[in-house]
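Same order as they appear, the protein sequences are chains A and B. As numbered in the numbering used here, residues 1 to 124 make up the first sequence, in order. As numbered in the numbering used here, residues 1 to 92 make up the second sequence, in order.
Don't read these hints as lab results, they were simulated from the structure. Warning: the hint list may mix true and false statements.
Said to hold, decoys possible - Covered stretches of chain B, going by a simulated chain A footprint (3 or more residues, C-beta under 8 Å):
| no. | stretch |
| --- | --- |
| 1 | 17–23 |
| 2 | 56–70 |
Unchecked claim - If you only want the chain A side, here are some residues facing chain B, beta carbon under 7 Å, derived:
| no. | residue |
| --- | --- |
| 3 | Ala12 |
| 4 | Ala16 |
| 5 | Ala23 |
| 6 | Ala30 |
| 7 | Leu33 |
| 8 | Leu34 |
| 9 | Thr49 |
| 10 | Val57 |
| 11 | Ser61 |
| 12 | Tyr64 |
| 13 | Thr86 |
| 14 | Tyr100 |
Said to hold, decoys possible - Covered by chain B, according to a simulated footprint, are these stretches of chain A (three or more residues, beta-carbon under 8 Å):
| no. | stretch |
| --- | --- |
| 15 | 36–48 |
| 16 | 68–79 |
| 17 | 89–99 |
Computed from a predicted model, the values in this text were never measured in an experiment. Beta carbons: idealized from backbone N, C-alpha and C, even for Gly.
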Amino acid sequence: MNGAADIPSWAALAAALLLALGATIVLIGALGLLRLRTFYQRIHGPAITITLGAGGVLLASMVYFTAAQSRLVVHELIIAGFLLATAPVVSMLIMRAAVYRDLRARKGESGATAGKVYSITGEE
Amino acid sequence: MATLLDLSITYALACVLAAMLLCTVRLLKGPSAHDRVLALDTLWMCGMLLALVLGIRSGSQICFEVAMLIALVGFVSTVAMAKFLMRGEIIE
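Taking the hints into account, I'd like the entire structure generated from these sequences.
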């Protein structure tokens, strides 16, 4: 099953802990996506999946390949930088689309569009 | 210690697959369209993490390129779908 199982024990321990932590956080984020009530609460679930969960798995991959190949392997930092740059953009675009659609559908009672803070001109 | 790493890899695979299952449930029953877009974006991210974990499991560097391509295509597709929800068209 394992290609290179003969890595030093400290690296195996660190990689195993980081991998377990990241996978648990990914599961918690997906559970939040399923269980929370409104959309504006639900959008907070995938945020920890992208930041902490992916960070843990990427760090585990870095530690594992560095120890397995006996040289510094850090090209997972490309994925980490890309994710950290694009996650706010994606969530902001989805949230703006959701606010726009809720306002247009006259659903004034849900989440960020509750109350009379935002209103479409011409609407009483 | 290698046994601990094997256990951890199996646990991570199970967790990521369960997360993908939960995202699929939200994707199928989401009450509105932006719920479905959000669930699909999370599903892309979970697929990328699955490729990374499979790369650690098989000890090969090929899966890194797979994960990077999944992240890139996922970002572009989610932006396109959010733009479509916002405006009703993608390229204007």
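Here is what the structure says about each hint:
1. 17–23: Satisfied; 5 residues make the cut.
2. 56–70: With 9 residues in contact (Cβ-Cβ under 8 Å with chain A), the coverage given for the stretch 56–70 of chain B holds.
3. Ala12: Holds: closest Cβ of chain B sits about 4 Å from Ala12(A), inside 7 Å.
4. Ala16: At 4 Å from the nearest chain B Cβ, Ala16(A) passes the 7 Å test, so the hint holds.
5. Ala23: holds (4 Å)
6. Ala30: holds (4 Å)
7. Leu33: holds (5 Å)
8. Leu34: holds (5 Å)
9. Thr49: holds (6 Å)
10. Val57: OK, holds: Val57(A) within 7 Å of chain B, min 5 Å.
11. Ser61: holds (5 Å)
12. Tyr64: Constraint on Tyr64(A) satisfied, holds at 5 Å.
13. Thr86: holds (5 Å)
14. Tyr100: With Cβ-Cβ at 6 Å, under 7 Å, it holds.
15. 36–48: holds (count 5)
16. 68–79: holds (count 5)
17. 89–99: Coverage by chain B holds here, the residue count being 7 at a Cβ distance below 8 Å.
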